[in-house]
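Chemist: The chain contents come next:
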Amino acid sequence: MIIGEGKPLKEILAMIENHSKIILAGCRGCVTVCSAGGEKEVGILSSALSLARQTQGKGITIREVTIERQCDPEYLEQIRSIVDEHEAIVSIACGAGVQFLAETYRKTPIYPGINTNFIGVTQEQGVWTERCQACGDCKLHLTGGICPITRCAKSLFNGPCGGSSKGKCEVNPETDCGWQMVYDRFKELGCLDRLEVIIPINNWTTSRDGGPRRIIREDLKL
Amino acid sequence: MTSDSPLEKILVGGGFAVTSECGPPRGADAEVIKKKGTLLKGVVDAVNVTDNQTSVVRMSSLSSCVILKQMGIEPTLQMVTRDRNRIAIQSDILGAAALGIHNILCLSGDHQKFGDHPTAKNVYDMDSIHLIQTVKHMRDEGKFLGGDEIKGVPRLFIGAAENPFADPFESRVVRLAKKIAAGVQFIQTQCIFNLDRFKTWMGQVRDRGLHEKVYILGGVTPMKSIGMANYMKNMVPGMDVPDELINRIKGVDKDKRGEEGIKIAVETINELKAIEGVRGVHIMAIEWEEMVPRIAEAAGLLPRPQVA
Numbered sequence: 001m002i003i004g005e006g007k008p009l010k011e012i013l014a015m016i017e018n019h020s021k022i023i024l025a026g027c028r029g030c031v032t033v034c035s036a037g038g039e040k041e042v043g044i045l046s047s048a049l050s051l052a053r054q055t056q057g058k059g060i061t062i063r064e065v066t067i068e069r070q071c072d073p074e075y076l077e078q079i080r081s082i083v084d085e086h087e088a089i090v091s092i093a094c095g096a097g098v099q100f101l102a103e104t105y106r107k108t109p110i111y112p113g114i115n116t117n118f119i120g121v122t123q124e125q126g127v128w129t130e131r132c133q134a135c136g137d138c139k140l141h142l143t144g145g146i147c148p149i150t151r152c153a154k155s156l157f158n159g160p161c162g163g164s165s166k167g168k169c170e171v172n173p174e175t176d177c178g179w180q181m182v183y184d185r186f187k188e189l190g191c192l193d194r195l196e197v198i199i200p201i202n203n204w205t206t207s208r209d210g211g212p213r214r215i216i217r218e219d220l221k222l
Numbered sequence: 001m002t003s004d005s006p007l008e009k010i011l012v013g014g015g016f017a018v019t020s021e022c023g024p025p026r027g028a029d030a031e032v033i034k035k036k037g038t039l040l041k042g043v044v045d046a047v048n049v050t051d052n053q054t055s056v057v058r059m060s061s062l063s064s065c066v067i068l069k070q071m072g073i074e075p076t077l078q079m080v081t082r083d084r085n086r087i088a089i090q091s092d093i094l095g096a097a098a099l100g101i102h103n104i105l106c107l108s109g110d111h112q113k114f115g116d117h118p119t120a121k122n123v124y125d126m127d128s129i130h131l132i133q134t135v136k137h138m139r140d141e142g143k144f145l146g147g148d149e150i151k152g153v154p155r156l157f158i159g160a161a162e163n164p165f166a167d168p169f170e171s172r173v174v175r176l177a178k179k180i181a182a183g184v185q186f187i188q189t190q191c192i193f194n195l196d197r198f199k200t201w202m203g204q205v206r207d208r209g210l211h212e213k214v215y216i217l218g219g220v221t222p223m224k225s226i227g228m229a230n231y232m233k234n235m236v237p238g239m240d241v242p243d244e245l246i247n248r249i250k251g252v253d254k255d256k257r258g259e260e261g262i263k264i265a266v267e268t269i270n271e272l273k274a275i276e277g278v279r280g281v282h283i284m285a286i287e288w289e290e291m292v293p294r295i296a297e298a299a300g301l302l303p304r305p306q307v308a
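Chains as they are written, first to last, in the working numbering: chain A, 1 to 222; chain B, 1 to 308.
The set of hints was computed from the structure by calculation and includes no laboratory data. Just to be clear, a hint being listed does not mean it is correct.
Each pair of labels, with its calculated beta carbon distance range [claimed, not checked]:
id, chain 1, residue 1, chain 2, residue 2, range
1, A, K40, B, R208, 54 to 62 Å
2, B, N247, A, E174, 24 to 32 Å
3, B, V57, A, K40, 42 to 50 Å
4, B, R208, A, L222, 57 to 65 Å
5, A, E5, B, K35, 44 to 52 Å
6, A, K221, B, G152, 46 to 54 Å
7, B, G13, A, R131, 48 to 56 Å
8, A, W204, B, G203, 45 to 53 Å
9, A, D176, B, G13, 39 to 47 Å
10, A, P200, B, D148, 30 to 38 Å
11, A, A52, B, D148, 13 to 21 Å
Over the 12 Å line for every Cβ pair with chain B, so calculated as not near, a few chain A residues [said to hold, decoys possible]:
id, residue
12, E17
13, T66
14, S81
15, F118
16, T129
17, P160
18, S164
19, P173
20, Q180
A quick note: this is a predicted structure, and the numbers were derived from the prediction, not measured. By construction, the Cβ of each residue, glycine as well, lies at the ideal position given by its N, Cα and C atoms.
Work out the full structure: start from the sequences and follow the hints.
Modeler: Below, the structure written as structure tokens:
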């Protein structure tokens, strides 16, 4: 899923400084699962913002909503009736949701209330870690199910580099070396010979470098 | 011969090569390079010029190479893939060849986190193995990666680094084999302080016959002080400094520790000379270039052969 994390309250307060009536919009998708932008977080952030504004001596009216998914147009439509009554929307969905809201409600300023961090997993309760950079050309079959683009700080296709030490990455001693993991995995699978294969220079056109990406499924279009 | 490199000529001719390196200054003062070059001239066969090592911004490697070249010193252009994409890399390769550079060392480079611009974005359009393939492709196929023909093919002697002391140890010889398959011709290793581990690695290299496919130059760095030894041991990832070495330096008077460092470096070179498959040494006297002539002399590496 997409993992996000709340922005500092101060930053959000600065964004809405000149507004006195806003919508705070959560999302029931990924950000609910990673406890960054669901209904619960809407409630918490709303209270925090109200309290902070009261302290500043300029109260604020906040309408709390949590949209099923901010990345689907039909769900965004569900708040149309209340948008015009408000000066701005703070969205605590991922960056896709924030942008889609802005596209849908062109006359209303939209502000991001969280940072969108990565595509990852729940490592353990309260800990999320990155797994995928959405390069658009999956190579996990070549590297034992461990993504070198994501898990190696240098995105090396033929690691490990000279900074791999005792299983850790030189960039952060708390980060596992991606290529040590590839090595261990190949060893476990009894196919260490696969480490010998040179993975060729990458074609990045399927990645962000090709510009904003689009998928069209003719079989699904109406 | 694949290039006009005197270093290649010496190695192909069976000679024991000696290289060193010099780090460019953090400014536009050419005199700094010239001063370091003067210390190394005639003492080594080629001088590596680092490419923004440890991700700290310095004068460009290519410019510094040209300054050395003008002094009659044979430079080796170090190039990292951290800061350039394939367009810039191929462009710089052409420029280097046009400026008379004969040797290139292909590296991935230190992560920007370690440098003076940790908020920078790294590139890594390719890794060091791809860089080796790129230089070889341009030189041997006469084509750009994109497929177009190159008019004026760059003739470069292709090198890379290898760190026998990084982990996982068993993968290090595999990585060397991959670099050889990619087209590397010479290897300069990470600083060797743990000779036992280096010898084990060389055994693996010989078992696979790799020593006959690439010229391996062992990396040697003199320890200037106990502070430096501890720093190398604890702060530099992938560096293997055994306690015995630290204790040996500690065991002598404070003002004689540099001398002891030089002595150890000379002993290391003499040991390396005796290892089958080691075809030279790469002396990295970090900000201590003035000691390279002494080390080379004491290790019986002088005079250097004259090749034109």
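Chemist: Next, verify each hint and record whether it holds.
Modeler: Going through the hints against the structure:
1. A:K40 <-> B:R208: 54 to 62 Å: 58 Å, holds
2. B:N247 <-> A:E174: 24 to 32 Å: 31 Å, holds
3. B:V57 <-> A:K40: 42 to 50 Å: 46 Å, holds
4. B:R208 <-> A:L222: 57 to 65 Å: 60 Å, holds
5. A:E5 <-> B:K35: 44 to 52 Å: At 50 Å between Cβs, range holds.
6. A:K221 <-> B:G152: 46 to 54 Å: 51 Å, holds
7. B:G13 <-> A:R131: 48 to 56 Å: The hinted range 48 to 56 Å holds for G13 (chain B) and R131 (chain A), with Cβ atoms some 51 Å apart.
8. A:W204 <-> B:G203: 45 to 53 Å: Given about 40 Å between the Cβ atoms, the range is violated.
9. A:D176 <-> B:G13: 39 to 47 Å: Holds, since D176 (chain A) and G13 (chain B) (Cβ atoms, about 45 Å apart) stay within the stated range.
10. A:P200 <-> B:D148: 30 to 38 Å: With Cβ atoms ~18 Å apart, the hint is violated.
11. A:A52 <-> B:D148: 13 to 21 Å: About 60 Å separates the Cβ atoms of A52 (chain A) and D148 (chain B), which means 13 to 21 Å is violated.
12. E17: 26 Å, holds
13. T66: T66 (chain A) clear of chain B: closest Cβ-Cβ about 35 Å, beyond 12 Å.
14. S81: Answer for S81 (chain A): holds, closest chain B Cβ roughly 43 Å.
15. F118: 16 Å, holds
16. T129: Check passes; 18 Å lies beyond 12 Å.
17. P160: With a cut-off of 12 Å, P160 (chain A) comes too close to chain B, as the shortest Cβ separation is near 6 Å.
18. S164: 5 Å, violated
19. P173: Per Cβ check, P173 (chain A) is inside 12 Å of chain B; nearest 9 Å; violated.
20. Q180: The claim is violated: Q180 (chain A) sits with its nearest Cβ about 6 Å from chain B, within 12 Å.
Against the hints set out earlier in the document, violations occur for numbers 8, 10, 11, 17, 18, 19, 20.
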